[in-house]
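Chains A, B and C, in that order, give the protein sequences. Numbers 1 to 686, taken from the numbering used here, label the letters of the first sequence in order. Numbers 1001 to 1314, taken from the numbering used here, label the letters of the second sequence in order. Numbers 2001 to 2317, taken from the numbering used here, label the letters of the third sequence in order.
Among these hints, one or two may not hold up.
[Said to hold, decoys possible] List of simulated lysine to any residue pairs, SDA-like, C-alpha gap at most 20 angstroms:
(1) A:Lys453 with C:Gly2217
(2) A:Lys453 with C:Val2218
(3) A:Lys474 with C:Gly2232
(4) C:Lys2043 with A:Arg28
(5) A:Lys453 with C:Arg2220
(6) A:Lys474 with C:Arg2220
(7) B:Lys1224 with A:Arg90
(8) C:Lys2043 with A:Arg514
(9) A:Lys538 with A:Leu429
(10) B:Lys1007 with C:Leu2149
[Stated by the list, open to error] Among chain A residues calculated to face chain C with C-beta under 8 angstroms, some are:
(11) Pro25
(12) Leu427
(13) Lys453
(14) Pro472
[As the list claims (entries may be wrong)] Far from chain B, some chain C residues (derived; all Cβ distances over 10 angstroms):
(15) Val2130
(16) Ser2175
(17) Leu2176
(18) Asp2206
(19) Leu2209
(20) Met2221
(21) Met2227
(22) Thr2247
Read the hints as simulated data drawn from the structure, not as lab findings. Model, not experiment: these values are computed from the prediction. The beta carbon of each residue, even a glycine, is placed where N, CA and C say it ideally should be.
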Amino acid sequence: MAKDMTPPDETLLDIRGLSLEFRTPRGRVKALRDVSFPVRKNRIIGIVGESGSGKSTILWSILGLLSGNAEVTAGEVLFEDRDLLHTSQRDLQAVRGEEISVVFQDPMTSQIPVLTYARQMFDILYRRPELSREEKRRMAVEMLEKVGIPDPAARIDQYPHHFSGGMRQRAGIGMALLTGPKLLLADEPTTALDVTMEAQIIHLLQELQSETGATIVLVSHNLGLIAELCDDVVVMYAGEVVETGDVRSIFHDPQHPYTRALLECDPARIEKQAGKLPVIPGDIPDLVRPQHGCIYAPRCQRVIEGVCVTTPPPNAGTAGGHARCHLLDGPFHDPEWPPPAEVLTVKAGETGRPAGPKKIGEEPLLDVSDLNVRFRTMGALHARLKGVADPFVDGVLDVSLSVRPGETVGLVGESGSGKTTLGRAVLNLLRSHGGAIDFEGEQIRNMPERRFKPLRRDMAMMFQDPVGSLSPRKSVRALVTEPFEIHGISGVDLDAEAERLADLVRLPKPLLGRYPHELSGGQARRVGVARALALNPKLIIADEPTAGLDVSVQGEILNLMADLQAEHGLGYLIITHNLPVVRHIADRLAIMYLGRVVEQGDAEEIFRSPAHPYTRALVEGIPQPDPDRRRTHVSISGEVPSLMNRPVGCDFATRCPCVQPRCREEKPPHFTMNDGRVHACLFPLK
Amino acid sequence: MLIYLTKRLGLSAAVIGLVVLVLFSLLHLIPGDPATIALGPRATPEAIARYAAKMHLDEPVWMQFLIYVGNALTGDLGVDVFSDRPVTQIINERIGFTLALVCTGMGWAVILGIPLGCLAAVKPNSVLDRVTGVLSVGTIAVPSFLVSIWALLIFAVQLRWLPAIGAGEPGDMHDQALHLILPAFAIGLAWVGYLARMVRASMLEVMGETYIRSARAFGLTPRKVVFGYALRVAILPTITLIGMGFGGLISSTVFAEIIFARPGIGKLIFDAVMARNFPIVQGAVLVATALYIIVVLLSDLLIAWFDPRVRETL
Amino acid sequence: MIPVSAKPSDPETGLPAIDSTGLPDHVSEAEVRESAARERLEKIRMFMTNWQGMGGLVLVLLFFASAIFAPWLAPYDPNALDIPARLSGPTWEHLAGTDQLGRDTFSRILHGGRVALKIAAIGVSVALIVGLVLGMIAGFGPRWLDNFLLLLFDTVRAFPTIVLALATVALTGPSLELVLAIIIITSIPQYARVTRTATLTLRNTDFILAERSLGAGVFRMLWHHVMPNVVGPLLILAAMDVPVVVTVEAGLSFLGLGVLPPTASWGTILNEGYLVIRDAPWMVVAGGIPLILTTLGFTFLGEALRDIFDPRMGKGR
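So that you can see chain A by itself, here it is in the shape it has in the complex (with noise of 0.2 angstroms):
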């Protein structure tokens, strides 16, 4: 590649022994410890670390833009032999936008809402009075033509809520490159939008970066997006760096355990489907106690006991990167670390139950058919005023779908799918308008409350945001056992069925006193699975079961949910959409688009062989954390349409890599194929 070829040591942003601490009530959370890491000139670097790494406060702290709590106990961040730690809050002013700008996470909310983006553009160009205003705007719209607006000229006097959240986020690209800074940060641009949006935001930050030669700082949890995009890694846990390198010795080679350990957690590196993902066990240490020695030691599979209490020697690697561990180097040095790629260096699961072939049931237990969901958009007095004759969209159209016992369903869609919606409706929780849904064999579609109710203790639900699905100010005690209450059931001991489903759920049973906000993500949802299963189910519908967890511990709750379904023969609806996920846990899949499906089928076979487009672009939309299948094309354009507007034909004919004329005409409908699969493509993919 061109840009390799540039010599590589010239350094536009040094970051030297940088240490940090937040004051907080309960005491300084160090932070940041001893962060050092060299920024080259025109590459782009990936932080990449887990929640709670520090990484994001790294990009802050470069911009003097810290919370007032935040204080640099010590380092220096050199930009071009400026200390901007140590530089006054003008001067810091001056840099920021015009030689260092940055791309936000949300789009949603770093953008203002109340002005247009004109307005902006032309306020970050306040420091150009040489400039017009109409050369100023010309600046602007060309700038926006560039990051892919279609219709700048018009577009640019909108104001953000009129931009989709990809559209946004590429009019936040476009205002971060106006002033055509040296260094551009980028906080996990890509996190709060949708698989086939990335592939694009990725895409076109790639293209940007070669076309201007920016140096890039990426921020992210994402293997797949630094893979795909970085040249350089630092790799942080916990305030610290562990390993640094080019991204080649990083994903392929990796010195330090966490990496190691890291990597072998993402499921998208995962080739075969497992069953069972593997977990780095325990928690990320808390920083207001002082740490020793090496600060992943406490989780570590390969700690030696006395050892890694000491800090480890400080440079020990290859390929100009560098890793502190004690296997790495000094008397402790390990020649077997680190053991060659196939071989797992964390444990996959945390039972030995055996993971032998799954029962899966005959009939179905859920069986849902032609069901319609459809909603208001408009008041009836409103509609009648505005002369629209069917004030309703459709939110789920035509959706037929069944899960018999001990099988796990997929249910992948982007944002606006109406998988959601779909599991909602399947509970009774939304009415809906047409179709049928079964379960077993009784048909509950918009069945009364009254008489619904005994069969929730037979369907249960988990809920995306874990912490949040839980009430506030109940004991998780009391959350745990409140199923029964719920249902009268009486005789049973509660404190005893607590602590029964704690077990069960690998709950530390000291917990049962707290409330849901002192639980961690993972605790929190190992209480809504406690919850789910309180009345002993046969299908559980689950809503982004590893929404808001780590890559290192969302391998524990699929884990979970797979033994327990071993053990009790349940029915899984997973609904996500997180493909590499689902892929590892699910028999069959479902892809939802615009509120149909548009293929079903076995999961293996869909992921080796998509018969629709859309499917493909979903499988390829996932960024690969190997820098070597880095993809040189989008299979992919535009967005999803709003549900005002379905298309006319197939309702993936406005981004269809293959569309064909009939395509807009014609809605397909369901073809069955040969090996039982379900597609609504009229020209399927061979």
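Given chain A, put chains B and C in place with the hints provided.
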């Protein structure tokens, strides 16, 4: 937009309608003959008969209500029991004094309170912030009628700097302005505190928003960030507060008018209540509540004008 | 409304709070796990060190004590006439002077506090309970009921309190019960609206949906899951509302529309003082001070409670 406006206007009309209904039922719910209640036990039978005819008391109650509403829609609020003058005319004479007082009182509060709140929010925990904080709680804590009494005591009775009673000579702008100072001070004082605190709180909240940090990350000047960005958003809840709090302002205006013997609507209502002059009470209360509803409506429209998101979801 | 379906996970919020109160972004999960007892202790400690809150508490306790023990504290019978000493200024015999009839103003102030306490205690608690119930019904009930109740609340709010009081007094004549009724009626909408807004927000949260998915009934959801989350802010609101109520009573009594003479009330003392303001200015001063102290006390207390227990509620008031 049009639909929103229609809806809001309809709702406001409904509220005013209900207000009339409440006033009307109050009059008819209490036991006894309305005419006797209105004119007092010593009224002559002729007077009572005349009153009953004038007020359509011989009609059924719902008919009386419809007649009243119908007349009110055409601007006819009935006739003063004692002077036989149209209520509308009496209110017209008085409302100017009330409006002048309300506008001045609110005006100085807005001009002082909003900048104070901004300055306090820009430097939280600074001396200015602390002083503003204590002062605003202090001003909120003193009931406005007490402010009126004490202001009267200090500036008019003891120091004799300003006139105590009345609204000044008709036609003499200078004298009228002098008479406006004390009551306007009294009704506005609490609002200075309210507004400063409100603006400070919402500014602090907005200053914590991600988009404010992006503006700072793009290197905009602090002045631009505070006044060009943060205040633009933070002003919205303040406008709502002003609209909502207008009812309280009317209450304190009533007190100020009574204490300073200023011939506005509030004094009119009070005197009419004391004299049991129902047509005036009814009419003036209707006007006062309508005023409040109009202000709330205006504040909602103002927010829509400021905030494109609201503007479009209308 | 189209429910927005799942957004991609957001493992790190990545945003350090700009204000100094918020916790920074990378407070680890381990740190969030703090025992409830410790947090409560911390809040009590915060309150104890908050001079505004403690000052407010002292004033509020003073208000309660002086009202409850007025008969024992007052040096004179509040209605005992001492004609020779009429309109006396503050002396050792009459700490706050006497009025036109020679009654001891200090004793009258103490007894007037009883009226204020009675009105505040009954008025605020009844309004709070009714407002809470109506607000939850509006927030959780069907759309038409919500709209209807809202219209009702708006209508009541459309009457400025004093104007409504004047209109009613015009018909029924002044009485303490009337004052109480007016205070309750005009206070209900604000409690109801706050409850309604909170209930509406809660209604769409995941945890209420989770309760529904478990089969919980409406009553259970309201009683066990909505109310505990609403009642805290409402109690703080009530503390801040006490001064308003006391002021309304004093104001109405001042206008001669509330408590009937010779019963002592802060409002009637002010009224009598207003009539003789040119000759005996200390009376309006003395009558105003307890009013201000009470108002300050409840305001400070309410604000401190709000800042400590409910930092998000600062707006909307």
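Verification of the supplied hints:
1. A:Lys453 with C:Gly2217: Holds. Lys453 (chain A) to Gly2217 (chain C) sits at ~9 angstroms (cutoff 20 angstroms).
2. A:Lys453 with C:Val2218: Cα-Cα ~13 angstroms, so holds.
3. A:Lys474 with C:Gly2232: holds (15 angstroms)
4. C:Lys2043 with A:Arg28: It holds: about 19 angstroms lies between the C-alpha atoms, which stays within 20 angstroms.
5. A:Lys453 with C:Arg2220: holds (14 angstroms)
6. A:Lys474 with C:Arg2220: Distance ~13 angstroms between Lys474 (chain A) and Arg2220 (chain C) Cα, so the pair holds.
7. B:Lys1224 with A:Arg90: Judged against 20 angstroms, a Cα distance of about 14 angstroms means the pair holds.
8. C:Lys2043 with A:Arg514: holds (17 angstroms)
9. A:Lys538 with A:Leu429: Within the cut-off at roughly 18 angstroms; holds.
10. B:Lys1007 with C:Leu2149: holds (17 angstroms)
11. Pro25: This hint holds: Pro25 (chain A) lies near chain C, its Cβ roughly 6 angstroms from the closest one there, short of 8 angstroms.
12. Leu427: Holds. Min distance 5 angstroms.
13. Lys453: Interface hint status for Lys453 (chain A): holds (5 angstroms vs cutoff 8 angstroms).
14. Pro472: holds (6 angstroms)
15. Val2130: At roughly 18 angstroms from the nearest Cβ of chain B, Val2130 (chain C) sits farther out than 10 angstroms, so the non-interface label holds.
16. Ser2175: The claim stands: Ser2175 (chain C) keeps its Cβ more than 10 angstroms from every Cβ of chain B (closest is about 13 angstroms).
17. Leu2176: holds (18 angstroms)
18. Asp2206: holds (23 angstroms)
19. Leu2209: At roughly 24 angstroms from the nearest Cβ of chain B, Leu2209 (chain C) sits farther out than 10 angstroms, so the non-interface label holds.
20. Met2221: Correct as stated: the minimum Cβ-Cβ distance to chain B is 29 angstroms, above 10 angstroms.
21. Met2227: Its Cβ never comes within 10 angstroms of chain B, the nearest being 25 angstroms, so this holds.
22. Thr2247: It is violated; Thr2247 (chain C) is separated from chain B by about 4 angstroms at its closest Cβ, not greater than 10 angstroms.
In terms of the numbered hints stated before, the structure departs from hint 22 and from no other.
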